[in-house]
Amino acid sequence: MSADGNAAGKPAPADPIESHVAALDATLHGPVRLKARMMAEVREGLTDATAARTAGGMPSEHAAREAVREFGTAKELAPGFQRELTVAQTRHTARAVALTAPFLIICWLLIWTSDHGPGWQQPGAARLLTLPLAVVAVAAAGAAAAALLGLAALAATGTLARRLPTPRRLPAAVAWSGTAVGIAMALATLTLGVTSALTADWPLLACAGALTAASHGVVATSARTCRRCARLPAR
Amino acid sequence: MKTDAVRGHLDGLLLAVLEPGPLHGYAVITAVQDRSGGVLELRTGTIYPALNRLERLGLLHSKWESVGERRRRCYELTDAGQRMLAGERTAWQEFTTAIGSVLNPDTAPAATRPAT
Numbered sequence: 001m002s003a004d005g006n007a008a009g010k011p012a013p014a015d016p017i018e019s020h021v022a023a024l025d026a027t028l029h030g031p032v033r034l035k036a037r038m039m040a041e042v043r044e045g046l047t048d049a050t051a052a053r054t055a056g057g058m059p060s061e062h063a064a065r066e067a068v069r070e071f072g073t074a075k076e077l078a079p080g081f082q083r084e085l086t087v088a089q090t091r092h093t094a095r096a097v098a099l100t101a102p103f104l105i106i107c108w109l110l111i112w113t114s115d116h117g118p119g120w121q122q123p124g125a126a127r128l129l130t131l132p133l134a135v136v137a138v139a140a141a142g143a144a145a146a147a148l149l150g151l152a153a154l155a156a157t158g159t160l161a162r163r164l165p166t167p168r169r170l171p172a173a174v175a176w177s178g179t180a181v182g183i184a185m186a187l188a189t190l191t192l193g194v195t196s197a198l199t200a201d202w203p204l205l206a207c208a209g210a211l212t213a214a215s216h217g218v219v220a221t222s223a224r225t226c227r228r229c230a231r232l233p234a235r
Numbered sequence: 001m002k003t004d005a006v007r008g009h010l011d012g013l014l015l016a017v018l019e020p021g022p023l024h025g026y027a028v029i030t031a032v033q034d035r036s037g038g039v040l041e042l043r044t045g046t047i048y049p050a051l052n053r054l055e056r057l058g059l060l061h062s063k064w065e066s067v068g069e070r071r072r073r074c075y076e077l078t079d080a081g082q083r084m085l086a087g088e089r090t091a092w093q094e095f096t097t098a099i100g101s102v103l104n105p106d107t108a109p110a111a112t113r114p115a116t
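Quick note, the sequences are listed as chains A and B, same order. So for the first sequence, UniProt numbering puts the first residue at 1; every next one is plus one. So for the second sequence, UniProt numbering puts the first residue at 1; every next one is plus one.
It is worth saying that the hints were derived from the structure and are not from the lab. Remember, predicted model here, so these are calculated numbers, not experimental data. A couple of the hints might just be wrong.
Derived, one-sided and incomplete: chain B residues facing chain A with beta-carbon distance under 8 Å [as the list claims (entries may be wrong)]:
no., residue
1, Gly25
2, Arg35
3, Arg43
4, Thr44
5, Thr46
6, Asn52
7, Arg53
8, Leu57
9, Gly58
10, Arg72
11, Met84
For glycine and all other residues, C-beta sits at the position ideal for the given N, C-alpha and C.
Assemble the whole structure, with the sequences as input and the hints as a guide.
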């Protein structure tokens, strides 16, 4: 007998519970850990519901199909699950922006203070720094604004949501502000890289550039997932 | 009672069945059905995101517990959940009293009748 069929060559009937979990899993997007936890709970719940029916004398396959029917279809349930995943992803992105945005401000301070350091006494050094300072300053200002939005989003989706409804467009707003911060971090990384190649203070600036690049990776990845979640129907 | 009618009261129902002690997801479902005598109809799958939301709001706390070879996520009320449940009960009493006064004016409490 083949692994996926019986002796007559017919495909083995799929486990109704696993098929249902797989169908729901395929429609949902969001933080991997939370999604895995939700699917594990769904599987356990369906298994419990099946066991309760078989204990009453129902054949196991029929019991599993009844449990799945009572549970609701993937299409019916997906918006409810997706709503929670979207909020969780929004909080993840907001937290990432709020925690990494200070890096950009520190980078701006690094370049600013380097300008006045002993390695920057040569003629023309100040002019050389004008563009990187401006780029990183704009990026830092944008990141600071996005960080404030992120903190507001964390409050609005946390305990504050007991009394106030969460704005429907909040996930999209956080996703796009995270995207903007990701772009700003990429520009700041480039700027720091170029600046470090031209200065005597290069180890410090190169280190700041590496940290900004890592921050870009975290924020841009989270914002991309958040944009995808924000586009999906949620209830 | 239809699913849509139940949905607006789901938070209160879930908090109420968790008041006596921690329960896992399927036990929460059966507790709601048992307490309502099977009258309340709801898609059992809607319970899980609702429990997750209540936990996010700090009204529930959850953890995985092993029962034999199975692992189940068990939920219990937090202090904030207890306070929210008390508020839900008060709001429900006021609502049913007000609606009852309109639907059955003869049985309405005297204090609620307007002076003539």
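If any of the earlier hints don't hold here, list their numbers in rising order.
2
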